[in-house]
Structures are given as C-alpha cells and as structure tokens.
Amino acid sequence: MRVRVEQTPLPGIGVRHDLVTSSGRTVGVVSHRNGRRDLVLYDVDDPDACLASIPLTDDEAEALADVLGASLMLGQLAGLRQQASGLLTEQIALPAGSPFVRRKLGDTRARTRTGASIVAVMRDREVIASPGPDFVFEANDVVVAVGTRSGLDGVTAILAGDDDD
Amino acid sequence: MHGTTLLLIEVGALLFALGMLGRLGRSIGLSPIPLYLLAGLAFGHGGLVPLSASEEFIEIGASMGVILLLVMLGLEYSAGELISNLRAAAPAGLMDALFNALPGAAFAFLLGWDWRAALVLAGITWVSSSGVIAKVLGDLGRLGNRETPVILSVLVIEDLAMAFYLPLVTAVLAGAGLIGGAKALAVAVITVLAVLVVAIRYGRQISALISARDAEALLLGVFGLTLFVAGVAEELNVSAAVGAFLVGIAISGPVAHHATEMLSPLRDLFAAVFFVFFGLSTNPADMPPVLLPALGLAVITMLTKVLTGYLAAKRVGIALPGRLRAGLALMPRGEFSIVIAGLAVASGVEPRLAPLATAYVLITVVSGPLLARLPDYEWFKTFIRRWRQPSTPAVRPLTAED
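Protein chains in written order, with our numbering: chain A, 1 to 165; chain B, 1 to 402.
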C-alpha cells in the first residue's frame, strides 16, 4: 500500500515528484512555481527521459486527482451496472441546507423508504466505502447510491429534505 | 525636426521592428536574442541605417535591461535554494568553470590579447544562457527528465559565480593597479557576502516591507529598490548587475512571485534594447576578421560544455543518452556573455572583443538550441544504441572458450 514518492527540486522552475509503479513504469509530476503542473511519463528504454509531458492547469490537475483517487470504486460500480440492468448508480451531493448535515445515515431510513442503498460517501477526495447506520454526514459530502431510477430519485429527495414525511 | 520628435520616431520604429523580428524568430523556433543583436548591428555605426537621436536613450535603456535581466534571474532562486544547491553541485560547477573558462582565457592569449581581455573572454565562454536553456528544456518537454536537475544546478552555480566574477572583472577593468584593484576587489567580495547573508537571514522581512497585494506599489517598490541597490553597488565597484541579482535573491515568497509577473514585460522591453545596444556598439565591418576565430572558439567551448554536462550527469548516475542531452543542452551562451562583453567594451580593454563576443554568442545561441534537439531524433537514438553495444556477440564466444 505504501508508495515511495521521490521529490526533486528544480531550481528556478519548481519541484518534481515521481514514483515507480509496480509494473515498473515511472510517472511524475513537475509542479511549476506559477501553479502549472506537468504530468510526465517516462520512457521504458531510457528511464531518464520523459516520453510525454502534459501541461495541466490547477483545475485540471485537481479533476484528474479526483478521478484517480475514486477510480477503484467507480470502476466496480460501473461493472455492477452492466450486470444488473435496471439498476443504476448515482453520485448525489448533499445539499448545504440538507436536514441530515451532522446527522446519522440511519436517520434517513433511505433503504427502507426507497429500496436504494447508500454504498459509499466521498468526502475531501477520500472515499468512505459501505458507511454504517451510525455514519454521520457532513456538509459537502457526496453520496454514492445504487438503486432503481425511482429509488435514487427518492434518496435525492430525502437528502434534500424535500420528501413529504 | 524637433529632437524629441525624432527620438520618438526612431525608438518607435526600432521597437516595432524588434517586435516583428521576435515574431519571425518564434515562428521558426529561434530565440530572439540573435535577431536583436543582428538588428543592433544593422542600426549601429557603419550599419545600414544609423540611429542618431535615440542613442542616449538606448544606452540608458540598455543599462536598465541588464539590471532587469539580473533581478529576474535572482527572483527565480531563493537564497536557501542557492545554498543547498551549492553543496550538492559544487563539483559539477567547478568542472564547468575549469572546462569552459580556461579555453576562453587560452584563446585570448593565443590571439595575443592581454590578461584582462583573457579574464573577460574566460567569463564569456564560461556562462551558459539560463534563459535560453530553460526555454529549450520547456519547449522540448524535458522538464521532467532526470538530467534536468543536473543542468539547472550547473546554471545556478554559474549564476551565483557571476555574483563574484562580475565585481572582480569590474575591479580589474577599472584598472586601479595591483593594490587599488585588490582593495576594490576586497570591497566587492565583502559587499556581495554581506548582501547574501542579509538576503538569507532577513529575506522574509525585506519581502514583508513590500506588500504583494497592491500591484502598483509592488512594481514601484521592487523596481525602485533594484535600481537603488544596483546604483549603490556600481558606486562601490561591485557592478550594478550584481546588485540587482542580489536584490532578486533577497526577495522571496509571494512577493517574488508577483514581482516576477509584474517585471517580466519590463524586462522583455529593456532586455531587447540591451541586446540592440550591444549590437549598435559593434561596427559590422569589424565582424568578418573575427568570424573564423569566433567559430573556432564556439566549436571548442561547445564541445567542452558537452563534456561538462556529460560528466556532471554521469556523477549522479544518468545513462548515456541523458548525459548527452545534458551536455548538448548546456551549449548556448547568451545574456550573461553579452553583459560581460558589455563591461569590457565600456572600459575599452580590447577593440576586437565586442565583435568576437557578438559573433560567438550569435553562433552558440543559434546552433545550441538546434543541436540540443539531436538526442530526440530517432537516428540519433539508434546510433547511440549501436554505439553502446559494439558487437558484443562476437566477443562472447571467445571469452567462453577461455
């Protein structure tokens, strides 16, 4: 699980971080002083040279980091979606004014009422898989739910506090 | 025509022409420095269109250009970076100095010049162009390469060495005699060390003095402080350029970042004027006789730079292709060589120095970035691969039998 990330200063430019994957490839990021980041991939034949250097803006780098950080879970869910037709997954952002901010997941009674399950919560780029009924929501959480169309719509309504009961 | 009107027309036409030249250069992937030098040659004494009214303006603009080039160079580094780099890369920096300054000095003696001219030429051949090389590395997508920190640390050492070399040359060129020169030199070295210590210890406080929030105050504050320190440094015979460089190092953090953004356009403007000015002060008629020596010197010192980069990269365990990339990237000489030559021209130490330096920088700054691309070509890679494994299968059976 531990990955060794090496840091190299680039005087006048910024800093470079790189890591060697278990498949033997080296991937790195050159962070410029002005916020620009280059994603660099190293050559297999010549490990000193980068094969490609892709400039990313701040926002692009953050988006990529999000995708990379959450890809494992979303990949599994995508597989699930293919197996069972009619079953959907959805990411639902907890609205700022939601009645469930700082309340337990169990309080929503979402599964009982809609048939859809909350299978994960994403918070600050981290994924909390299979949260239990005692899990406490916070503002800006993103809920990953699995269920039918109407079930998911129900969860969205519950989290927003728009449901009738 | 009125003097001021003529000045406006001349400066305007000159800057516009430079803008067009720069655009042309960029479209063919050429650094604008050689184009500006050529423009200066064309406009100067004995050139195609001599400028008359704007000479004084261009001269002042040129000295601003040097100061801005150096303060921006200083802004790129923090004092801590310089010191940590100094420890790690000192052997590479020393090698760089020996391999590249000595051929320059030897060449000057070969031409029958005196030792002062030799000292100047040593500096001209020693220092690579940080600006051109950083641009080439970025353009070729090599910022992530393993040999890049090696190249950068050689550049850092060169830049830092200039902080001591420039006052030394200034003192020598002032020709104050042995004792006077030594005294001037001592003052210079002490000043530089004192400013470096202040920059390292109190860089944060100096930066705090200038707020990063108010753009106008920041521009005026940094530019004013730079000009002031540069002027004081010049007065102490330390050279204005070094004063500006040290101010750049002293300013750090967000102030440095914003100052870099604010000063960049000013630097581009006045640096262009500086290169033109250097071209202006060279008579094109003096160029042909020094062209062949300049070419010879360029070939020799470009080879020694390749050797420098090769060995520096080898020290940190870079493979052969990377060593060659490091060496070839270090070849271009540029702004610093011209700054050094400019000092010599102002003191009139050797009349052939300016045309030689112009031709030398023109050759290296044009061919350097082109040659730096060599390792990216497929035929070059294949050639290196073959060269690394020269017919090993033929040797193996023999050793097996032994």
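These are calculated hints, taken from the structure and not from any lab test. Take the hints with a grain of salt, since some may be wrong.
What the hints assert, rightly or not - Computed list of chain B residues with no C-beta within reach of chain A, every gap over 10 Å:
| id | residue |
| --- | --- |
| 1 | T5 |
| 2 | I9 |
| 3 | L21 |
| 4 | L38 |
| 5 | Y77 |
| 6 | A105 |
| 7 | L110 |
| 8 | L155 |
| 9 | L196 |
| 10 | A217 |
| 11 | P265 |
| 12 | A285 |
| 13 | L311 |
Stated by the list, open to error - Ranges between beta-carbon positions, derived for each pair:
| id | chain 1 | residue 1 | chain 2 | residue 2 | range |
| --- | --- | --- | --- | --- | --- |
| 14 | A | P55 | B | G348 | 45 to 53 Å |
| 15 | A | V27 | B | I200 | 29 to 37 Å |
| 16 | A | Q7 | B | V197 | 22 to 30 Å |
| 17 | B | D268 | A | G161 | 28 to 36 Å |
Said to hold, decoys possible - Part of the chain A face toward chain B, derived, beta carbon under 7 Å:
| id | residue |
| --- | --- |
| 18 | L10 |
| 19 | P11 |
| 20 | G12 |
| 21 | V15 |
| 22 | V40 |
| 23 | D46 |
| 24 | A49 |
| 25 | S53 |
| 26 | P55 |
| 27 | T57 |
| 28 | D59 |
| 29 | F135 |
Since the structure is predicted, the reported quantities are computational estimates derived from the model, not experimental observations. Even glycine gets a Cβ: it sits at the ideal position worked out from N, Cα and C.
Hints, one by one, checked against the model:
At the 10 Å boundary, the C-beta of T5 of chain B stays outside the reach of chain A, the nearest C-beta of that chain being 41 Å off. Listed as outside the interface, I9 of chain B is consistent with that label: its C-beta sits roughly 38 Å from the nearest C-beta of chain A, beyond the 10 Å cut-off. For L21 of chain B, the condition that its CB be more than 10 Å from all CB atoms of chain A holds, with the nearest at approximately 27 Å. Every Cβ of chain A is farther than 10 Å from the Cβ of L38 of chain B; the closest lies at roughly 28 Å, confirming the non-interface assignment.
Not every Cβ of chain A is farther than 10 Å from the Cβ of Y77 of chain B; the closest lies at roughly 6 Å, contradicting the non-interface assignment. At roughly 28 Å, the least C-beta separation between A105 of chain B and chain A is larger than 10 Å, which holds for a residue marked as non-interface. L110 of chain B, annotated as away from the interface, keeps every beta carbon of chain A farther than 10 Å; the closest lies near 35 Å. Listed as a non-interface residue, L155 of chain B fails to keep its Cβ farther than 10 Å from every Cβ of chain A; the least gap is roughly 7 Å.
Annotated as non-interface, L196 of chain B keeps its C-beta farther than 10 Å from every C-beta of chain A; the closest such distance is 16 Å. Listed as a non-interface residue, A217 of chain B keeps its Cβ farther than 10 Å from every Cβ of chain A; the least gap is roughly 21 Å. Every Cβ of chain A is farther than 10 Å from the Cβ of P265 of chain B; the closest lies at roughly 15 Å, confirming the non-interface assignment. Distance to chain A confirms A285 of chain B as a non-interface residue, since its nearest Cβ pair spans about 39 Å, more than 10 Å.
Distance check on L311 of chain B: its Cβ is at least 15 Å (rounded) from any Cβ of chain A, clearing the 10 Å threshold; non-interface status holds. Roughly 48 Å separates the CB atoms of P55 of chain A and G348 of chain B, a value that falls within the hinted 45 to 53 Å. Here the CB-CB span from V27 of chain A to I200 of chain B is close to 35 Å, well matched to the stated 29 to 37 Å. For the pair Q7 of chain A and V197 of chain B, the supplied restraint of 22 to 30 Å holds, since their beta-carbon distance comes to about 28 Å.
Between D268 of chain B and G161 of chain A the CB atoms are about 57 Å apart, so this pair departs from the stated range of 28 to 36 Å. Nearest Cβ of chain B to the Cβ of L10 of chain A: about 6 Å, under the 7 Å cut. The hint holds. The closest approach between the C-beta of P11 of chain A and any C-beta of chain B is roughly 5 Å, which is under the 7 Å cut-off, so the hint is satisfied. Satisfaction of the interface hint for G12 of chain A is found here, the shortest Cβ-Cβ separation to chain B being roughly 4 Å, below the 7 Å cut-off.
Against a cut-off of 7 Å between C-beta atoms, the interface hint on V15 of chain A is violated, since the closest Cβ of chain B lies about 10 Å away. A distance limit of 7 Å between C-beta atoms decides the matter here; for V40 of chain A the minimum to chain B is near 3 Å, and the interface restraint holds. Because the beta carbon of D46 of chain A sits about 5 Å from the nearest beta carbon in chain B, less than 7 Å, this interface hint is met. For A49 of chain A, the interface hint holds, since its Cβ comes within 7 Å of a Cβ in chain B; the closest pair sits about 5 Å apart.
For the restraint placing S53 of chain A at the interface with chain B, the shortest Cβ-Cβ distance is roughly 4 Å, inside the 7 Å limit, so the hint holds. Taken as an interface hint, P55 of chain A does not check out: its beta carbon lies about 9 Å from the nearest beta carbon of chain B, beyond 7 Å. This hint is violated: T57 of chain A has a C-beta 16 Å from the nearest C-beta of chain B, more than the 7 Å allowed. Among the interface hints, the one on D59 of chain A is violated; its C-beta lies about 19 Å from the nearest C-beta in chain B, farther than the 7 Å criterion.
Proximity of F135 of chain A to chain B is violated relative to the hint, the smallest CB-CB distance being about 40 Å (cut-off 7 Å).
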